[in-house]
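The listed protein sequences derive, respectively, from chains F and D.
To get the working numbering, take the position in the first sequence, counting from 1, and add 12.
To get the working numbering, take the position in the second sequence, counting from 1, and add 1287.
Some hints could be false.
Calculated Cβ distances over 12 Å to all of chain D for the following chain F residues [stated by the list, open to error]:
1) Ala-92
2) Ala-280
3) Asp-288
4) Arg-318
5) Ile-351
6) Arg-358
Cβ pair distances, simulated, as ranges [claimed, not checked]:
7) F:Ala-17 x D:Arg-1301: 20 to 26 Å
8) D:Arg-1615 x F:Val-91: 38 to 44 Å
9) F:Arg-248 x D:Glu-1307: 50 to 56 Å
10) D:Leu-1348 x F:Ile-169: 56 to 62 Å
11) F:Gln-299 x D:Leu-1619: 39 to 45 Å
12) F:Gly-348 x D:Leu-1348: 50 to 56 Å
13) F:Trp-289 x D:Gly-1448: 20 to 26 Å
14) D:Gly-1529 x F:His-399: 37 to 43 Å
15) D:Glu-1509 x F:Trp-289: 52 to 58 Å
Keep in mind that the hints were calculated from the coordinates and are not lab data.
Positions of the beta carbon are idealized from the N, C-alpha and C atoms, including for glycine.
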Amino acid sequence: MESTARRLVPPYGATYDGSIDLDALRAAHRPRILERTRKAVDGNTAAAIPFLQWWRAAIVAGFPITPATKWLEHLAAEVARGDARGKRVKLLESEHAVADYIAGVAAACRGLVVGTATSSVGLDHMTESIRSLGASGLGNVIVVDVCRATANYPLCIEGDPSDLLAHRDDGFIQVVCRGVQQIYDTLLQLPAIGMDPRVLTPTMPSYYGIKDSHRSGALVIEPDAEVNGFLDDALRTAEGTSPLVEDFLAAEGAAHPTPPGLLDGDTALGSCVTSDWFQGFKLAQKQRLSAAHRVIAEVATAFEARFGRPGLSPIELHGFDQRPEIALVCMGPDAGTAIHLLGRIRDQLGVRAGVAVVRLLTPFPTVDLAAALAGVHAVGVINNAHHHGRGHLTLDVEEAIAGRTVPVEAFFCGLGGADVSTTTWLAMARTTAEAAARGRAGRRWRLVHEGLEIGGEDLR
Amino acid sequence: MKKGLPLFKELALRDDAFGEGHTLCPGCEEAVTFHALGRATDNGKKTVLVMGTSCGEVSTLAYPTGVAWGRGREEPDQVEKSVGVIHHVFESAPTVAEAIRDTADLLAGVGAWSGPPPNVVSWSGDGGALAIGLRSFLHTIHRRARVALFVNINELFANTGFQYSPTGIPFGDASTLPGGGPAEPIDHIGLSLVAGAGFVAQVSPGFAPLFAEIVDEALRCETTAVVFVPSPCIAGWKFEEGMTAELGRLASKTGLFPCFRKRAGQPGEILHVPADRRPPVNEYLARQRRFDHLVRLEGDLPVVRAGREPEVAAIQAYADRNLARLSRLAAL
């Protein structure tokens, strides 16, 4: 073995510098994209390409599930076709095993990026392990969730985010994407965020099944050298100069380098603790997740500087430069229809509307959203997943504007990937405008389809 | 290559990786196993231990004042002496271990890991490996992962309060199955062989030299090694102090959990089961209060309670069949 040097990393143990030579892995990488390339791909492929480009993504793991399967098939085919040195696609017998496996890879060597893609019941099947990962500090884990109506009767293989929303408390940074470029660009940024020593939190990029997983679009693919340079630079910067989050065992401001891995360290992960200590771990977990807000902004800035496209923004704002009277808060691919309709809403309904598309689902961008909604007279929140009450998204939006008297109309539409038509958007905008005029919401919630309110509940 | 007592003596001189500060029950056989594993893995290779939730996890409950795992009081100077420990969910240990082996192999394949291949050890309870985790356990074997899978068999979900486990001897009392039931233990050795393990063994650390041999061979195995460790549970079985090792030996001698060793493609062997004077199962049962409703001790003699003869006979018949079955498996 090459000479190694023990470096104490309190309170985690020790790292043996030199025992893993990541430069050798970097040198083994065979670049696939040598110059900026434009290509028509679907969402699953756009989410798979970064794993081929990152030299750190030496191992990916998977188990097929509709509509995420093509992510795995694409990687398997590409790795089988090319020089497999330094790349491996691991097939396992179930999603639970996949989650266990990526935990092992990520813990073995924290300099690697390891990922998988799944959906719906697949994510549910991973839950036990995913929740451990969420608390693990293994920010080098990426679980791509291709949103699909989650396990419930009747079975539906089309996309709504009920799986993603059911996993809000898994401890992951959850980001919603729409369109292939946003999917690809988001993937490029997430390891820089998750692996930042202030964050050390795994990430869960997501996009709606079928509507985005199977829809092709033009994708600008950056060269491998730039993709890897961006991540390497971000990690180098974060490790060396960033402000440091205090660990619950360390003094405030103390060094907080990345903990040792199992192969190159003398350390323990996931030990059993008593309740006296458990809360301290949870506090540190919350602090790391909260730190993501600041790190996302830094990484997004660096991304835009390097690639010339906008970096990850917690929310997309459309029409907000027109001082909107009402705001429609939504997420996912159907937001595109709403953005396209902004002029028509103004012309037909006589109201200025803005569309706020939530990208960062967890941790929720409460402050950013509150600022964006500061001047509106009513908010319509569009929920695409079943919820017992006013909707997952509605609860977060209401928390963001808590203390204000702005009425919030809660809409459901697009459940199970149902079409959200122009008439539906117009109907929701009209209802929100009426709430603005009235000064209060009309109903507790409404289910809208093809412009018709087909269900709902009155306020008590 | 040393074997038996000379090997045991050699291992005894190595540095342990399981030290003071563990919080296992006093009298727990698992601690003896961990010491043996800790010394056997001091073999010039990096060690990674994967622990599925089980009794073993309790060994770290004194966090952060007792470390339990690690070679020496401080982090060792050499990576080859170091230990990486990961605790993961009940059923996961074999898969997580496989991932660590794959990572080490991939890094070695590109020159990023230049040391000897690490020891990768998976530790599960019988509930974790053979009930909730049977899928994970069998598929890691099926993929021929080069890991050593150790399964602690105490016939209960001991960690959570002594609930029934599918490795339990019939009619043993369990908190979820008072008085026990008629189901015989799952054929864990047969399943491992059929799934494709390269090395399958069953041994209690009560047979210390053999235990040393088997651990050493499991760590050297070029494919999946599986070692079942029958492990008397002082808290769950409710036996007298000082009986831990003796009960481990009796489990083998009676034929209930015989020592067994088989390498793929070679004849296997059943060990430590006396051919001529095999003790009846009630010698074993009578020393555990979980069978008190069937057998009790009068002085040093087991006495079957009136009316419970059919259950004891059924357990004896199982032990007889178990030996016959293992003989057939050994011949595969």
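We went through each hint and held it up to the structure:
Remark: the non-interface label on F:Ala-92 is consistent with the geometry, its nearest Cβ contact in chain D lying 16 Å away (cut-off 12 Å). Remark: the non-interface label on F:Ala-280 conflicts with the geometry, its nearest Cβ contact in chain D lying 4 Å away (cut-off 12 Å). With a minimum CB-CB distance of about 10 Å to chain D, F:Asp-288 fails to clear the 12 Å threshold, and the non-interface call is violated. The Cβ of F:Arg-318 lies farther than 12 Å from every Cβ of chain D, with a closest approach of about 26 Å, so its non-interface assignment holds.
F:Ile-351, annotated as away from the interface, keeps every beta carbon of chain D farther than 12 Å; the closest lies near 42 Å. The Cβ of F:Arg-358 lies farther than 12 Å from every Cβ of chain D, with a closest approach of about 53 Å, so its non-interface assignment holds. Here the CB-CB span from F:Ala-17 to D:Arg-1301 is close to 24 Å, well matched to the stated 20 to 26 Å. Evaluation of the 38 to 44 Å hint for D:Arg-1615 and F:Val-91 yields a pass: the beta carbon distance comes to about 43 Å.
Our hint of 50 to 56 Å for F:Arg-248 and D:Glu-1307 is violated, since their Cβ atoms are close to 40 Å apart. Our hint of 56 to 62 Å for D:Leu-1348 and F:Ile-169 is violated, since their Cβ atoms are close to 44 Å apart. Judged by the Cβ atoms, the range 39 to 45 Å given for F:Gln-299 and D:Leu-1619 is violated: they are separated by roughly 56 Å. The supplied range of 50 to 56 Å is met by F:Gly-348 and D:Leu-1348, whose beta-carbon atoms lie about 53 Å from each other.
About 22 Å separates the C-beta atoms of F:Trp-289 and D:Gly-1448, a value consistent with the hinted range of 20 to 26 Å. In this structure, D:Gly-1529 and F:His-399 break the distance hint of 37 to 43 Å, their C-beta atoms being roughly 59 Å apart. A hinted range of 52 to 58 Å for the beta carbons of D:Glu-1509 and F:Trp-289 is inconsistent with their spacing of about 41 Å.
The earlier numbered hints that this structure contradicts are 2, 3, 9, 10, 11, 14 and 15.
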